[in-house]
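A.B. asks: Please take these sequences and the hints and turn them into a complete structure.
Chains as they are written, first to last, in this note's numbering: chain A, 1 to 113; chain B, 114 to 394.
Simulated from the structure, these hints should not be mistaken for laboratory data. Wrong hints could be hidden among the right ones.
What the hints assert, rightly or not - Label-pair distances were calculated between CB atoms; the ranges are:
| # | chain 1 | residue 1 | chain 2 | residue 2 | range |
| --- | --- | --- | --- | --- | --- |
| 1 | B | Leu257 | A | Ala43 | 33 to 39 Å |
| 2 | B | Arg208 | A | Glu15 | 44 to 50 Å |
| 3 | B | Leu300 | A | Glu15 | 35 to 41 Å |
| 4 | A | Met65 | B | Ala229 | 49 to 55 Å |
| 5 | B | Arg151 | A | Asp49 | 21 to 27 Å |
| 6 | A | Cys92 | B | Ala363 | 31 to 37 Å |
| 7 | B | Asp326 | A | Asn68 | 55 to 61 Å |
| 8 | B | Pro149 | A | Ala43 | 31 to 37 Å |
| 9 | A | Arg53 | B | Leu377 | 31 to 37 Å |
| 10 | A | Asp101 | B | Ala363 | 40 to 46 Å |
| 11 | A | Cys76 | B | Gly191 | 38 to 44 Å |
| 12 | A | His21 | B | Thr293 | 48 to 54 Å |
Claimed, not checked - In silico EDC-like cross-links for lysine to aspartate or glutamate, where the CA-CA straight-line distance does not exceed 20 Å:
| # | chain 1 | residue 1 | chain 2 | residue 2 |
| --- | --- | --- | --- | --- |
| 13 | B | Lys340 | B | Asp310 |
| 14 | A | Lys106 | B | Asp310 |
| 15 | A | Lys108 | A | Glu40 |
| 16 | A | Lys108 | B | Glu158 |
| 17 | B | Lys241 | A | Glu40 |
| 18 | B | Lys340 | A | Asp87 |
| 19 | A | Lys106 | A | Glu66 |
| 20 | A | Lys106 | A | Asp63 |
| 21 | B | Lys340 | B | Asp280 |
| 22 | A | Lys108 | A | Asp63 |
| 23 | A | Lys106 | B | Asp326 |
| 24 | A | Lys108 | A | Glu16 |
| 25 | B | Lys241 | B | Asp223 |
| 26 | A | Lys106 | B | Asp160 |
| 27 | A | Lys106 | A | Asp42 |
| 28 | A | Lys109 | A | Glu32 |
| 29 | B | Lys301 | A | Glu32 |
| 30 | A | Lys109 | A | Asp63 |
| 31 | B | Lys340 | A | Asp93 |
| 32 | B | Lys369 | B | Glu359 |
| 33 | A | Lys109 | A | Asp58 |
| 34 | B | Lys340 | B | Asp297 |
| 35 | B | Lys241 | B | Asp217 |
| 36 | A | Lys106 | A | Glu15 |
| 37 | B | Lys369 | B | Asp261 |
| 38 | B | Lys369 | B | Asp223 |
| 39 | A | Lys106 | A | Glu16 |
| 40 | A | Lys108 | B | Asp160 |
A virtual CB, placed ideally from N, CA and C, is assigned to each residue, including glycine.
The chain contents come next:
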Amino acid sequence: MHEIALCEGLVQALEEQAGSHGFRRVHRVWLEIGSLASVECDAVRFNFDIMARGTIADNAQLDIMEINGTAWCLPCGMAVDLHRFGDPCPNCDSRQLQVLDGTQIKIKKLEVT
Amino acid sequence: MCGICGCEKTASGLGGYHPHDHVHSEVAEGSNTAGPPRARMVQVEHDIMAANQSYADANRAHFTEHAIFVINLLSSPGSGKTSLLVEAVSLLKKRFPVAVIEGDQQTSLDTARISATGVPAWQINTGKACHLDAHTIGHALEHLPAIDGGILFIENVGNLVCPAGFDLGEAHKVVILSVTEGDDKPLKYPNIFHAADLMLLNKIDLLPYVRFDMNSAVEVARQINPKIGVFAISALTGDGLGAWLEWMIAGLDHAKERRQMALLARRAELQHELDSIDLQF
Numbered sequence: 001m002h003e004i005a006l007c008e009g010l011v012q013a014l015e016e017q018a019g020s021h022g023f024r025r026v027h028r029v030w031l032e033i034g035s036l037a038s039v040e041c042d043a044v045r046f047n048f049d050i051m052a053r054g055t056i057a058d059n060a061q062l063d064i065m066e067i068n069g070t071a072w073c074l075p076c077g078m079a080v081d082l083h084r085f086g087d088p089c090p091n092c093d094s095r096q097l098q099v100l101d102g103t104q105i106k107i108k109k110l111e112v113t
Numbered sequence: 114m115c116g117i118c119g120c121e122k123t124a125s126g127l128g129g130y131h132p133h134d135h136v137h138s139e140v141a142e143g144s145n146t147a148g149p150p151r152a153r154m155v156q157v158e159h160d161i162m163a164a165n166q167s168y169a170d171a172n173r174a175h176f177t178e179h180a181i182f183v184i185n186l187l188s189s190p191g192s193g194k195t196s197l198l199v200e201a202v203s204l205l206k207k208r209f210p211v212a213v214i215e216g217d218q219q220t221s222l223d224t225a226r227i228s229a230t231g232v233p234a235w236q237i238n239t240g241k242a243c244h245l246d247a248h249t250i251g252h253a254l255e256h257l258p259a260i261d262g263g264i265l266f267i268e269n270v271g272n273l274v275c276p277a278g279f280d281l282g283e284a285h286k287v288v289i290l291s292v293t294e295g296d297d298k299p300l301k302y303p304n305i306f307h308a309a310d311l312m313l314l315n316k317i318d319l320l321p322y323v324r325f326d327m328n329s330a331v332e333v334a335r336q337i338n339p340k341i342g343v344f345a346i347s348a349l350t351g352d353g354l355g356a357w358l359e360w361m362i363a364g365l366d367h368a369k370e371r372r373q374m375a376l377l378a379r380r381a382e383l384q385h386e387l388d389s390i391d392l393q394f
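C.D. replies: Now the structure itself:
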């Protein structure tokens, strides 16, 4: 259900971009989704097709780049991989981790006419 | 019309998204020759959550300016959120201005329960959406009386997944886990426990009848979020409720202190301006 709202936001963002960048059709969308963003990529693909119907992004291809989560481990003093919240540091097993990357849901680029 | 941004739209979708100004670089690969337009690439770097975040920031600025302490209550359906709120607001309303925003997919049943205590409440029906967003909260505020120096509760939609990602402008997200739900729930829904600053273990009056290990629940919650605070409470018996109320009152005091500091800084600024005028005459 969450992904419906995200796709609605995505289509509205595309319409906004059409105004500021002067295009009429979106053919391809590159989206970056972090593994810690709590978003199901398959559900985004499915919902985007539906939400885009009848809009400037009708039939547009959606390319999702999944970004691995990373966190700063306080005991190690370095960046480490974090696949999901609650996982320990792969080096020292600590959970004193501060998320650095992997929570984003971002439009990276568009192919348009 | 939107009271926050002046737009003509009402809330819809993700934060009632509507266009605002953004500056982006553009890489044009098309040409100006006649014929059908050639496809070109546009670099965007647009965060889909940015719209919600800008409304959340506006809400937070409003709350700071009016010294309102705001908590965003999150839990599964049936954890006892509304019963807990009824008890909390009944006690707090004697000392502070209090208001409640209720979020549910449908019905105004919860608002009716809060209103029965005499505390102002506004119901948001999210319809198909599974969470509250910051734009909707901004509009809900238009329907509530001023509660400067008071406490605002936002009871989110009963859902342990989606509300975690939406900042509403609150001071704290508070997650409620009832002892009838299972002590491993933080492991199953880590995002919400990571986002929350406080966990309330509710329905502790039922502990003799259920298999729920309190220590284990706290341990796994702190695996997800080492900084999460914990209170064990019962909305039914009132056990532990006092500790949570004290936590909120401390939060409210902090909000008032910050407001006082801001006003003092402004006064000093104005005094400085006044002084500089005096020097000229």
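A.B. asks: Against the earlier hints, flag every one the structure doesn't satisfy and list their numbers going up.
C.D. replies: Hints 7, 9, 10, 14, 23, 29, 38 are the ones this structure does not satisfy, whereas the remaining hints hold.
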